[in-house]
Amino acid sequence: MNFYPIFWREMLTWKREFRKTFISSLIGPLLYLVTFGWGLGRRIPIEGINYLDFVVPGIIALSALNTSYNAISSDLNIRRTLYRTFEQYVIAPVSIHSVVTGEVLAGTIRGLFSCSLVIILGYLFGANLHLSLSFFLVLAFSCFTFASLGVLAAMANDTHRDLATFGTLFIMPMSFLAGTFFKVSTLPIAVKYLIYCLPLTPTSLSLRSLALGNQISFVPLLAVACWAILMFIGALAVTKMKYAD
Amino acid sequence: MIKLRDLTKVYGERKVVDSLTLDIKEKEIFALLGPNGAGKTTTIRMLTTLSRPTAGSIQINGYKIEKDTLAVKKSIGVVTQQSNMERELTAWENLELHGKLYKIPRPERKKRIDELLEYVGLVDRAKEKVANFSGGMVRRLMIARALMHKPQVLFLDEPTVGLDPQTRRKIWDLIKVMRLEGMTVLLTTHYIEEAESLCDRVGIIDHGKLIALGTVAQLKEKTGEFVLEYLEENQTERQFFATRSQALDYAQSIEASFNVRQSNLEDVFVQITGREVGG
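Sequence lines, in order, name chains A and B.
With the working numbering, letter number 100 in the first sequence gets 100, and the count goes up by one each step, no holes.
So the number in the working numbering is just where the residue sits in the second sequence, counting from 1, plus 1000.
A few of these clues could be false.
Here are the computed lysine-lysine pairs in the DSSO-like style, where the Cα-Cα straight-line distance is at most 27 Å [said to hold, decoys possible]:
#1 A:LYS20 with B:LYS1064
#2 A:LYS15 with B:LYS1027
#3 B:LYS1103 with A:LYS242
#4 B:LYS1067 with A:LYS15
#5 B:LYS1222 with A:LYS15
#6 B:LYS1103 with A:LYS240
#7 A:LYS20 with B:LYS1110
#8 B:LYS1111 with A:LYS242
#9 B:LYS1025 with A:LYS240
#10 B:LYS1176 with A:LYS240
#11 B:LYS1222 with B:LYS1064
#12 A:LYS240 with B:LYS1015
#13 A:LYS242 with B:LYS1027
#14 B:LYS1027 with B:LYS1176
#15 A:LYS242 with B:LYS1067
#16 B:LYS1222 with A:LYS242
#17 B:LYS1129 with A:LYS15
#18 B:LYS1222 with B:LYS1170
#19 A:LYS242 with B:LYS1176
#20 B:LYS1150 with B:LYS1129
#21 B:LYS1064 with A:LYS240
#22 B:LYS1025 with A:LYS15
#23 B:LYS1110 with A:LYS240
#24 B:LYS1110 with A:LYS15
Rather than coming from a laboratory, the hints here were simulated on the basis of the structure.
If you're wondering where the values come from, they're calculated on a predicted model, not measured in any experiment.
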């Protein structure tokens, strides 16, 4: 597999726009921390837990979704449909697996970097987080899932407008509903199970559980791994379908 | 070198390429000439694996495209009609990316990039972002990129479209050098002069069908080497003749002013298709 050139290209463009992306990746989490951490949530304990400690893992999960997905989806979609630079991969002797792997790994690295910044911000805001190897493993798998979702969305949508609609219909609701800011278990049963099916939910639940120093339960962990595999297969399948017209 | 057999591409109900059968020899420079929408770009896209044929077969350099896709990809270089260079990368980085995609070893890659930037006259712009380049510079860089991995066959889709005459001539010079180096080149164009001055053979394509094939001289011979032009009811009429004297004899019967000249590929095209090449 020759995924390195694709990964190298992504890292190079990231380096080039680092200042811009660094600042923009901080804005969202900062606003959430101020609004939900300091503002709304300061005096709301959830089952004896400080709301800031509760919400920061959710914001980290949200950051994994937004950064990994956006780092890949928008750029790849524009390169495929507008600038046509994606064509050079199609013409070159590289496999579809290599192209998808290169893009997804780049999205994963960018997601992990952004999440690391949110962790630092969380500490600065006064949150107590128990960080462990398991925490970072869950985070890495989740970034991998959302970067794969980014590839899938970029390949499935033939215009940038369609991609924006996909984001509004699927990514935005998931950002708020998947246990990022509140406990999913308190919701009505039908809604609850629907939300459990979203790929972000097991990430939020697992990260929160680990950050609060609890043992991670098997089901969300399995769900995180399954989503990573399923989303990567989905990205591969859609790319294969759209590779040549 | 390139063998097409009944190559067909259908989009919905529309047959864009219709049973194209063609052989292009090794070291030949071949032009597919035709008006906009004739099926030239679609043909090139199928030949370069960017589009899957609906029917028919393609063989390049002895490899069948549907079976030995990777071998075909390694042996071809492609310059597409629309720029597909990475705008945010520099010229050097674009070539570096291409070299990595084709697994060219690092020392050779570096040497090749320097050679090619020199060849296309972009050495002094190597570290500049492609976003700042003019159309002609981008096209020259695309040619350099297509040559990075030393392909045996080069596909050029409308290589000079939209370029000023000076840049066009620079690109023609690059193609002439390729001829000297023994490369097989298939280019599409709707510029008659381009096909006439660069190519060993020309295929005229219209409505997805190959309607004429041969050297420029053969095509002219079929139509008539001399053309008599005269104005009749505010329209230019053209008559073709094998010799100048035949044309002049015929001109005796015309009352309007007339002109006899050698025919060119444009005359051939108009005669065969019944319309102008740009139409």
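Structure-based check of each hint:
1. A:LYS20 with B:LYS1064: 47 Å, violated
2. A:LYS15 with B:LYS1027: Status violated; Cα separation ~43 Å.
3. B:LYS1103 with A:LYS242: Holds. B:LYS1103 to A:LYS242 sits at ~25 Å (cutoff 27 Å).
4. B:LYS1067 with A:LYS15: 39 Å, violated
5. B:LYS1222 with A:LYS15: At roughly 60 Å apart (the allowed maximum being 27 Å), A:LYS15 and B:LYS1222 break the hint.
6. B:LYS1103 with A:LYS240: Within the cut-off at roughly 22 Å; holds.
7. A:LYS20 with B:LYS1110: 31 Å, violated
8. B:LYS1111 with A:LYS242: Violated, at about 35 Å.
9. B:LYS1025 with A:LYS240: Violated, at about 33 Å.
10. B:LYS1176 with A:LYS240: 38 Å, violated
11. B:LYS1222 with B:LYS1064: 34 Å, violated
12. A:LYS240 with B:LYS1015: With a Cα-Cα distance of about 24 Å, the restraint between A:LYS240 and B:LYS1015 holds, given a limit of 27 Å.
13. A:LYS242 with B:LYS1027: 34 Å, violated
14. B:LYS1027 with B:LYS1176: Since the Cα atoms of B:LYS1027 and B:LYS1176 sit roughly 12 Å apart, the hinted pair holds (cutoff 27 Å).
15. A:LYS242 with B:LYS1067: At roughly 19 Å apart (the allowed maximum being 27 Å), B:LYS1067 and A:LYS242 satisfy the hint.
16. B:LYS1222 with A:LYS242: With a Cα-Cα distance of about 44 Å, the restraint between B:LYS1222 and A:LYS242 is violated, given a limit of 27 Å.
17. B:LYS1129 with A:LYS15: Distance ~14 Å between B:LYS1129 and A:LYS15 Cα, so the pair holds.
18. B:LYS1222 with B:LYS1170: 32 Å, violated
19. A:LYS242 with B:LYS1176: 36 Å, violated
20. B:LYS1150 with B:LYS1129: Cα-Cα ~24 Å, so holds.
21. B:LYS1064 with A:LYS240: 20 Å, holds
22. B:LYS1025 with A:LYS15: 46 Å, violated
23. B:LYS1110 with A:LYS240: At roughly 32 Å apart (the allowed maximum being 27 Å), A:LYS240 and B:LYS1110 break the hint.
24. B:LYS1110 with A:LYS15: 22 Å, holds
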